[in-house]
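> Here's the letter readout for the chains.
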Amino acid sequence: MRARRLLVFLASASLLVLFLTREPPRDIGRRIDFLRRYASQRLEVRRLGGTSTDFNRRYFILLEWARRRLPAKTPGLAVFPDAEIPTRGQYLTVYHFAPLPTEVAPMKVPSGWLALIQGTRRPEGWRVVAELPYGALLEPAP
Amino acid sequence: MSEFVPSVAAVAGILLAFGFAGWLLAPAFLPRGAPFAAERLGWGFAAGLALVALSVPLGFLFRLRPGWPAHLLFAGLALAAGWLLRRRNPRAESRPEAIDRPAPIWLWGLPIAMGCALFGLRAMTEPMWSNDFLAIWGLKGKLIFALGEVPERLYRDPDLAFSHPEYPLGLPFLYAGIAFLLGRWDDHAMAILFPLIQAATLFVLAGWLRRRGAPRSLALGAAALLALDERLYSAFHTGLADIPLSLLLLLLATSFSDALDRTDAGAPVRVALASCLIAATKNEGLFFVAAALLLGFLLGRETRRRAQPALSVALLLPALAVVFAHRLWRGSVPLKDFDFRYLQPSLWGELGGRLRETFAVALHEVARPAWPLLAAITILFIVGRPTPSSDRLLALAAIAGAAYLILPAFGIFPASPEFGPIFLVRTALGRTFSALSPLVAAGITGRLTAIFDRRARAEDTN
Chain A
1 MRARRLLVFL ASASLLVLFL TREPPRDIGR RIDFLRRYAS QRLEVRRLGG
51 TSTDFNRRYF ILLEWARRRL PAKTPGLAVF PDAEIPTRGQ YLTVYHFAPL
101 PTEVAPMKVP SGWLALIQGT RRPEGWRVVA ELPYGALLEP AP
Chain B
1001 MSEFVPSVAA VAGILLAFGF AGWLLAPAFL PRGAPFAAER LGWGFAAGLA
1051 LVALSVPLGF LFRLRPGWPA HLLFAGLALA AGWLLRRRNP RAESRPEAID
1101 RPAPIWLWGL PIAMGCALFG LRAMTEPMWS NDFLAIWGLK GKLIFALGEV
1151 PERLYRDPDL AFSHPEYPLG LPFLYAGIAF LLGRWDDHAM AILFPLIQAA
1201 TLFVLAGWLR RRGAPRSLAL GAAALLALDE RLYSAFHTGL ADIPLSLLLL
1251 LLATSFSDAL DRTDAGAPVR VALASCLIAA TKNEGLFFVA AALLLGFLLG
1301 RETRRRAQPA LSVALLLPAL AVVFAHRLWR GSVPLKDFDF RYLQPSLWGE
1351 LGGRLRETFA VALHEVARPA WPLLAAITIL FIVGRPTPSS DRLLALAAIA
1401 GAAYLILPAF GIFPASPEFG PIFLVRTALG RTFSALSPLV AAGITGRLTA
1451 IFDRRARAED TN
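Quick mapping for you: the protein sequence lines, in order, are chains A and B. Each residue of the first sequence is one higher than the one before, starting from 1 at the first, in my numbering. Each residue of the second sequence is one higher than the one before, starting from 1001 at the first, in my numbering.
These are computed hints drawn from the structure, not numbers from a lab. Check before you lean on any hint, since a few could be wrong.
What the hints assert, rightly or not - List time: in silico DMTMM-like cross-link candidates among lysine to aspartate or glutamate, alpha-carbon distance up to 25 angstroms:
| no. | chain 1 | residue 1 | chain 2 | residue 2 |
| --- | --- | --- | --- | --- |
| 1 | A | LYS73 | B | GLU1149 |
| 2 | B | LYS1336 | B | ASP1453 |
| 3 | A | LYS108 | B | ASP1159 |
| 4 | A | LYS73 | B | GLU1357 |
The following block holds chain B by itself, in its conformation from the complex (with noise of 0.2 angstroms):
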């Protein structure tokens, strides 16, 4: 073990390094105390993460080569700007003790332990391999640090078309962070990131329930589930953006719930955390904004009419700020995979077309043999009660999951013409709808609060 586990080693000890200083940070974001505790653990080490990122352009745009003093620097300029905001958000009041009597904690651990060493195994056997590693996320941020520039070739070299050019960066400037932290780019020990962010969106998911009332066994219990989810947490995922944007779906969706709830000061800053690093990990993440601005406008017109205009601009700012400092970087990139002028009503037949097709591919192939999962999901889904705080979670991903299914109608592939959409349901849909799945144990869970608290079914029988 002479190389891999020094390495593995260092690269964790960097990643919970900045971790602890997004944990430090976090107090300019969301209330310290105890029914926060957990919640801060998985957004501190989404902010150490976008301290690792971020620190790798800005270094760039003021001409300091990332790396400790760089990054050291950035971190410390983040920590004392959140210094000053954390006087706006005042120690949440502990929660009074529940009146259920906890399951034993071994109980659930075991599981969780369970599925966080299974994954664990899984990322580390060997060197990222998956294609999309090495042809888009792993190649760009080897690119970045072998480099010490997003080169120009990226966006210019058409034999490079491959890696997607439109895609955000935040993920290889995470990549292209660690390495320069580290001092070199090992693709093996790197892996270690996806462990972590499991067990952050554990943390991040507990905690929320928790927070909003769920008793600690259901909380506990849909954190194990979902870390023996291998759908998400697969060997074929790690180095791909699905599970960093499982976790940052799930901090935009409860923060959101949050803010429209207005349960916190910082929850609109938690919007815009989220929303800026959401679009900065994957396309689709500017859609879930203004899906969430949607569902705000649409949820939040009758009670909190006031809140609109700070969470709108909360949502929408800071990833407009993302999109637009891609677009100075690189210049305008179209979409290359999807042709989006079958919305012209001169080509809707032949989008009537695709559809069908589309569907019944992903009837057969996608939801027909996960039948016995989305039966088991249905059952909790109809057994809980509605439950505002969750059912926006559920609506946020039932409107991802609706793009998600729609969006391969509008798959192109010019080299390739003959792959059309049914290449896009066989070779993405399973993976996209993974990514949604700490959203749904949320939004299922947070339904399910209402029959096994004891406080809320007596309160129920009053």
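Excised from the complex, chain A in its bound form (with noise of 0.2 angstroms):
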């Protein structure tokens, strides 16, 4: 019985161990950190210092101006990034602006929708509504 309950403080502490040792200390350094920094901010703000915009933090700011500055009955929302995002940030981008339908790049612009480009690119038939920071909300040209 003895040797028994020896094993088990010893398989135990092993688990204790291990799981101790998973996180590194400087995670928990950097998580207080970020909250000490960004705990004041606005949600927004919150969003944009985290995990889900480190892909193209400029790509996430441009998408809440242009949230800020959609017309009220804008029917859906066509992004294009400059350069190809990962999946999550087409997650990312579809979360951010519902419960508006908004597609990333979609081959055809639905009808009535608007386009949000990232970066200085203005297609031909289609009106700038609002410059932004790092690109432009427009609509169909009339």
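Combine the two chains into a complex, taking the hints into account.
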């Protein structure tokens, strides 16, 4: 019985060490630092500083500017990043604008939708609704 | 901290208020009294979350906009129904004092508090960000909240296929319910849900183990190790369904074991509640219910024949009701990432290859890096004594684990066929296995009771 208890103690202690050493202490410091720096900021700024936007923070700045400038009855939004974005960037885009129907780089922009273009490109047949940091919001030209 | 702290406090207040309502409701399915006190906190919190989530579709159904009036109305109705049921559940007798000298509470309280604080930090660092939160759980919750309905386009729009229309809506309804009560969508403050679920899980784990005879040190030791398990309580899992699922799996398994042993009159009601909640949270919830049903037949066949029909009904009916309600709401939505036609004899050869590929990658990329963990768990299992109440939990975990291991072999990705099973093993296997942690912790620790409890040891030697 004593041997069994000793084995339990050793195995449990191993688990404890495994769990405690799994997370580098610098990660804990980084999290505390993040909270200290960002907790006083608005929700959008906290997201901007976080993991979901680290693939291209300028892209998220454009999304947030566009979200604030979208006309009230916009039926949908087609977003065109200036470079290929990862899948999670597409999810973030759709999530950020929800409940507005949103597509990332569609082959064809559905009728009546606005377009959000990252970068300086301004395609023909589209009229600028608002120039924004890192891009512009456009609507089909009449 | 102008906006963040008040928002977190508000969401925590909402969750704790409904957790309190769930705690008041708990005597309908859990005997009152000291032996059940810790479990009542966990079950009560789960019931409170169910009230927050369920009030959303009920509100839509009865054309009441979800929010405080509707939520309080439905909570009041649930409490009234619970009050009627509570008479069937007599107060539990207090357990005689343990013979073992209990370890000082700080010895285990400290690592438990540390585990909770660390997960709290991981969960609350930034707005919820994991892919599946943005693409599935959070997106659906945000749409339901913003539109005040479950939008049809979730099921019809091919551009939203990534949001997995076939998944149940329990967690999105919970997010939407919190947002309706808060009055806005705050995906950072809502993350507090997850550390609270962790705390509820620890209460259920330690409480159930204590009630089933484990010495306090052992029960709290198990809770401490689970609290520190970063594989489950990670920043990445915050926002996903795996942490809620891990609590619900523990609730289902412990109530199932209680029902087989007929520990109290409320056990079948707890089984029914857990079955309903787990089926509403993830698709595999239905599988767990079926696995418990099978185990019930195999393990309870000889000794508890009379308990079988009631237990089967308690397991099956609520889960089927949830599935049926989803069918009514959204129609039939096939599983998107899996193709079970590989079960046809003509495709067995291909299935064999996929299984080999799945197991090889799982062994090299998931099991091998985790060998110290697996070795420690294996030692604890071998050292323990067969204990029916706990072995059932491990049997359920083993069935779930086998299913999680085999399932990637059926994985298909029409857009990227090159992904196949390997993609699922790499992205999902570790995550899905981690949800089994509370169940494994309860099962393994229950088996160790006999070698740590002096009464059990004394009985052994007599």
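> Please go over all the hints and tell whether each is borne out by the structure.
The hints, checked one at a time:
| no. | hint | result |
| --- | --- | --- |
| 1 | LYS73(A) - GLU1149(B) | 19 angstroms, holds |
| 2 | LYS1336(B) - ASP1453(B) | 49 angstroms, violated |
| 3 | LYS108(A) - ASP1159(B) | 13 angstroms, holds |
| 4 | LYS73(A) - GLU1357(B) | 51 angstroms, violated |
Checked against the numbered hints given earlier, the structure breaks hints 2 and 4 and satisfies all the rest.
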